[in-house]
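Colleague: Start from the sequences, fold in the hints, and give me the full structure.
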Amino acid sequence: MAASKFDPQLVLRAKKGDERSRNVLLERLSVVLERFFKRKIGDQALVDDLIQCTLLRVHSGLIALKHPDKFKAFAMKAALFELHDYYRGRHSMKERSFEPELLPEKNYSINQSSGDSMDVEKALELLKPRTRRILELREHGYKYREIADILNISETAVKMQVKRAFEKMKTIFAD
Amino acid sequence: MNPYHILNKLLCEEEELTSEERKAFVEGLKSDPELVRVFTGWLQVHSHLMERLPETKDLILYSLAADGHADDLTHQEASYISDHWKDIDSVVESHPGFKDLTHQIAQDRQDFLDCWGSETASVPQVFRLPAWSYQIAAVIAVLAVAAFATIFLVNYQDRSMQLAIATPGEYQRILLPDSSIAHLSGPATLEYNSERFGRSVQLTGQAFFEISHRPKQFIVRTNEAMVQVLGTRFGMRSGNDMTQVILESGRVQVASNETPPRSIVLAPGQMTDVVKGEAPTPSIDVNIEDELRWTGFVFLRNTPMRKAAVLLSSSRNVNIDVDPLLMRESVTGTFSPDIPIQEVLDALTLTLNAQVIEDEDGFRIVPLFP
Chain A
104 MAASKFDPQL
114 VLRAKKGDER
124 SRNVLLERLS
134 VVLERFFKRK
144 IGDQALVDDL
154 IQCTLLRVHS
164 GLIALKHPDK
174 FKAFAMKAAL
184 FELHDYYRGR
194 HSMKERSFEP
204 ELLPEKNYSI
214 NQSSGDSMDV
224 EKALELLKPR
234 TRRILELREH
244 GYKYREIADI
254 LNISETAVKM
264 QVKRAFEKMK
274 TIFAD
Chain B
184 MNPYHILNKL
194 LCEEEELTSE
204 ERKAFVEGLK
214 SDPELVRVFT
224 GWLQVHSHLM
234 ERLPETKDLI
244 LYSLAADGHA
254 DDLTHQEASY
264 ISDHWKDIDS
274 VVESHPGFKD
284 LTHQIAQDRQ
294 DFLDCWGSET
304 ASVPQVFRLP
314 AWSYQIAAVI
324 AVLAVAAFAT
334 IFLVNYQDRS
344 MQLAIATPGE
354 YQRILLPDSS
364 IAHLSGPATL
374 EYNSERFGRS
384 VQLTGQAFFE
394 ISHRPKQFIV
404 RTNEAMVQVL
414 GTRFGMRSGN
424 DMTQVILESG
434 RVQVASNETP
444 PRSIVLAPGQ
454 MTDVVKGEAP
464 TPSIDVNIED
474 ELRWTGFVFL
484 RNTPMRKAAV
494 LLSSSRNVNI
504 DVDPLLMRES
514 VTGTFSPDIP
524 IQEVLDALTL
534 TLNAQVIEDE
544 DGFRIVPLFP
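Line by line, the protein sequences give chains A and B.
Numbering-wise (this note's numbering), the first sequence opens with residue 104 and increments by one.
Numbering-wise (this note's numbering), the second sequence opens with residue 184 and increments by one.
Note that these hints are calculated values from the structure, not bench results.
The beta-carbon is built from N, C-alpha and C at its ideal position, and this holds for glycine as well.
Heads up, a few of these hints could be off.
[What the hints assert, rightly or not] Once the Cα atoms are required to be at most 30 angstroms apart in a straight line, the calculated DSS-like pairs of lysine-lysine come out as: (1) A:Lys173 with B:Lys269; (2) B:Lys192 with B:Lys282; (3) A:Lys173 with A:Lys225; (4) A:Lys173 with B:Lys240; (5) B:Lys399 with B:Lys192; (6) A:Lys246 with A:Lys225; (7) A:Lys225 with B:Lys282; (8) B:Lys240 with A:Lys108; (9) B:Lys206 with A:Lys266; (10) A:Lys246 with B:Lys459; (11) B:Lys282 with A:Lys262; (12) B:Lys269 with A:Lys225; (13) A:Lys266 with A:Lys225; (14) A:Lys231 with B:Lys192; (15) B:Lys192 with A:Lys225; (16) A:Lys118 with A:Lys108; (17) A:Lys173 with A:Lys118; (18) A:Lys119 with A:Lys108; (19) A:Lys246 with B:Lys206; (20) A:Lys246 with B:Lys240; (21) A:Lys273 with B:Lys213; (22) B:Lys269 with A:Lys169; (23) A:Lys246 with A:Lys175; (24) A:Lys262 with A:Lys246; (25) A:Lys141 with B:Lys282; (26) A:Lys262 with B:Lys269; (27) B:Lys213 with B:Lys192; (28) B:Lys240 with A:Lys169; (29) A:Lys118 with A:Lys169; (30) B:Lys240 with A:Lys119.
[Stated by the list, open to error] Residues of chain A clear of chain B, computed beta-carbon distances all greater than 12 angstroms: (31) Leu115; (32) Glu122; (33) Arg125; (34) Gln155; (35) Leu159; (36) Ser163; (37) Arg248; (38) Thr274.
Modeller: Spelled out as structure tokens, the structure:
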């Protein structure tokens, strides 16, 4: 006879505050997480950080888990939240770091009014679909190499599309 | 420093600007209204996209539900996403990149479950048995473990060892687990362990490597030599008891397989040979445009367009004519064999202020404004 490594009884004991069960549960989960984040990110130092953040999220959310047999989905979501938060956090657009230096120039401040947004949307529609996809994936924080893998094209092609988008935007904003 | 070059780096490279570059760019912004207008327009695009990009949590819950996995959500999450479905759905459907993102999240879910499945094999529970049964059990266990270990190791090896083979003349792009890329130019074989990658591969034949920068060294072994790098691009040819290494960028250490190994360090544009049982030959400077032509890559380093067109024509087997006005213009770039020729030419014309015209004879590169 055999028992699952994430037996609902173990999860239930952990949820009720049994420290040993909780340690066993998190230790077993960390092995899954290590494999998952290594596959996604690779870099061991980053993987270790993501494992710790996910375990912390699971640890603090466990008490609210109503169905111990749903632990797998619970842990999966925690890992996905951490992974995608990491993507967004690591790549705050470098261009934006210049905004504070631009903002004092009143004439050139970035206007978020709906009229300007409409213009930007129209400008985006003028881009080729793949170029637009790249800009939108970039916004989520994916690196060019990751975007290349998602779209099954080369990293150079991705960079070129970004450059072309910029060239296109130059002409659009010149009008 | 030209602020437009800096802007180009800002867009296309992922490393940070140096403080000098940043300063020069800010100066450019102060003095060049055209640069400010273009740059702020670009920022507007990103602000617009960022404003529309749903929150991470919303996107993940939506993606799971849209991919048919609503049962992964708690009652509370399902209720929340149901309330916001219309808004998120309309944003995702009107942004193709966000749609790609939801597919990627569904793939991430599957990857997690795969990892879960391979790590959550059942664990035995403890039983109390009569004392004599332990002796029988021990004998059975020893036999079973031996049989299992044999089968497991054979299967595990089969499952985790990856062997990529490129036949003569064939090109293959292999994405390695650490995001490094091996471009095989057949005949070539590349062997590595996908489960316990450890940044180490075994090569026979010809390949060009683009190694992702990581703290841990990447190692390429051949029968004759071992190359150690952190993050760089280089070509290797192994066969007939000799390995040749040509470095395009970065830095590599090339060592012989003899004991004790003897090694040298290559700088960009340098080459060494390692004959079996001997030390690497002293490095020599080479022209990588010519020496790495076997990779199928086209390397252009301030190359006149006249020569660039010849290199590209012979590499891609297409006819490329260059307008006499552009013949002496120089171009720089590295193009792997998997990049379509149209994209390569588009990239070059961007820097030349030129355009590509395709007709039945091939391609013509002409000035944008003659």
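Colleague: Would you mind marking each hint as holding or not holding in the structure?
Modeller: Results for each hint:
Note on Lys173 (chain A) and Lys269 (chain B): the hinted pairing holds, with a Cα-Cα distance of about 27 angstroms set against a maximum of 30 angstroms. A distance of roughly 28 angstroms separates the Cα atoms of Lys192 (chain B) and Lys282 (chain B); the hinted pair therefore holds under the 30 angstroms criterion. With a C-alpha separation of about 45 angstroms, the suggested pairing of Lys173 (chain A) with Lys225 (chain A) is violated against the 30 angstroms cut-off. Proximity of Lys173 (chain A) to Lys240 (chain B) is assessed by CA-CA distance (about 18 angstroms); at most 30 angstroms being required, the pair is judged to hold.
Restraint check: the Cα-Cα separation between Lys399 (chain B) and Lys192 (chain B) comes to about 26 angstroms, which is no more than 30 angstroms; the hinted pair holds. At most 30 angstroms may separate the alpha-carbon atoms for a hinted pair to count; Lys246 (chain A) and Lys225 (chain A) meet this at roughly 26 angstroms. Taking the CA atoms of Lys225 (chain A) and Lys282 (chain B), the gap is about 19 angstroms. The hint holds against a cut of 30 angstroms. This hinted pair checks out: Lys240 (chain B) and Lys108 (chain A) have alpha carbons roughly 28 angstroms apart, not beyond 30 angstroms.
Note on Lys206 (chain B) and Lys266 (chain A): the hinted pairing holds, with a Cα-Cα distance of about 22 angstroms set against a maximum of 30 angstroms. Under the criterion of a C-alpha separation no larger than 30 angstroms, the hint pairing Lys246 (chain A) with Lys459 (chain B) is inconsistent with the structure, at around 40 angstroms. Using a Cα cut-off of 30 angstroms, the hinted pair Lys282 (chain B) and Lys262 (chain A) holds, with the two alpha carbons roughly 20 angstroms apart. Distance hint between Lys269 (chain B) and Lys225 (chain A) is fulfilled; the C-alpha atoms sit about 22 angstroms from each other, no more than 30 angstroms.
Of the pairs offered as hints, the one joining Lys266 (chain A) and Lys225 (chain A) holds, with about 19 angstroms between alpha carbons and a cut-off of 30 angstroms not exceeded. Of the supplied pair hints, the one linking Lys231 (chain A) and Lys192 (chain B) holds, its CA atoms being roughly 22 angstroms apart against a limit of 30 angstroms. A C-alpha spacing of about 26 angstroms is found between Lys192 (chain B) and Lys225 (chain A), which places the hinted pair at or below 30 angstroms, so the restraint holds. Only pairs whose Cα atoms come within 30 angstroms are accepted, and Lys118 (chain A) paired with Lys108 (chain A) is accepted, the gap being roughly 16 angstroms.
With a C-alpha separation of about 13 angstroms, the suggested pairing of Lys173 (chain A) with Lys118 (chain A) holds against the 30 angstroms cut-off. Between Lys119 (chain A) and Lys108 (chain A) the CA atoms are separated by roughly 18 angstroms; this keeps the pair inside 30 angstroms, and the hint holds. Distance restraint check for Lys246 (chain A) and Lys206 (chain B): the Cα-Cα separation of roughly 25 angstroms lies within the 30 angstroms cut-off, and the hinted pair is therefore satisfied. With a C-alpha separation of about 20 angstroms, the suggested pair Lys246 (chain A) and Lys240 (chain B) falls inside the 30 angstroms cut-off, and the hint holds.
Between Lys273 (chain A) and Lys213 (chain B) the CA atoms are separated by roughly 18 angstroms; this keeps the pair inside 30 angstroms, and the hint holds. For the suggested pair Lys269 (chain B) and Lys169 (chain A), the alpha carbons sit about 28 angstroms apart, so the restraint of at most 30 angstroms is met. As the CA atoms of Lys246 (chain A) and Lys175 (chain A) are separated by approximately 29 angstroms, the hinted pair is consistent with the 30 angstroms bound. For the proposed pair Lys262 (chain A) and Lys246 (chain A), the alpha carbon gap of about 10 angstroms is at most 30 angstroms, so the pair holds.
The hinted pair formed by Lys141 (chain A) and Lys282 (chain B) meets the criterion: a straight-line CA distance of about 25 angstroms does not exceed 30 angstroms. Proximity of Lys262 (chain A) to Lys269 (chain B) is assessed by CA-CA distance (about 33 angstroms); at most 30 angstroms being required, the pair is judged violated. Taken as a hint, the Lys213 (chain B) and Lys192 (chain B) pair is honoured in the structure, with Cα atoms around 19 angstroms apart against an allowance of 30 angstroms. At roughly 20 angstroms between alpha-carbon atoms, Lys240 (chain B) and Lys169 (chain A) fall within 30 angstroms of each other, so this suggested pair holds.
This hinted pair checks out: Lys118 (chain A) and Lys169 (chain A) have alpha carbons roughly 9 angstroms apart, not beyond 30 angstroms. The suggested pairing of Lys240 (chain B) with Lys119 (chain A) holds, with an alpha-carbon distance near 27 angstroms, which does not exceed 30 angstroms. Consistency note on Leu115 (chain A): stated as away from chain B, and its beta-carbon is indeed over 12 angstroms from all of that chain's, at 17 angstroms minimum. At roughly 20 angstroms, the least C-beta separation between Glu122 (chain A) and chain B is larger than 12 angstroms, which holds for a residue marked as non-interface.
Distance check for Arg125 (chain A) against chain B: the nearest CB is about 17 angstroms away, which clears 12 angstroms, and the non-interface claim stands. A cut-off of 12 angstroms between C-beta atoms confirms that Gln155 (chain A) is not in contact with chain B; the least separation is 17 angstroms. The beta carbon of Leu159 (chain A) sits about 16 angstroms from the closest Cβ of chain B, which is more than 12 angstroms, so the claim that it is off the interface holds. The Cβ of Ser163 (chain A) lies farther than 12 angstroms from every Cβ of chain B, with a closest approach of about 15 angstroms, so its non-interface assignment holds.
Listed as a non-interface residue, Arg248 (chain A) fails to keep its Cβ farther than 12 angstroms from every Cβ of chain B; the least gap is roughly 6 angstroms. Its beta-carbon lying about 10 angstroms from the closest one in chain B, Thr274 (chain A) breaks the requirement of being farther than 12 angstroms from that chain.
When the structure is compared with the earlier hints, violations turn up for hints 3, 10, 26, 37, 38 and for no others.
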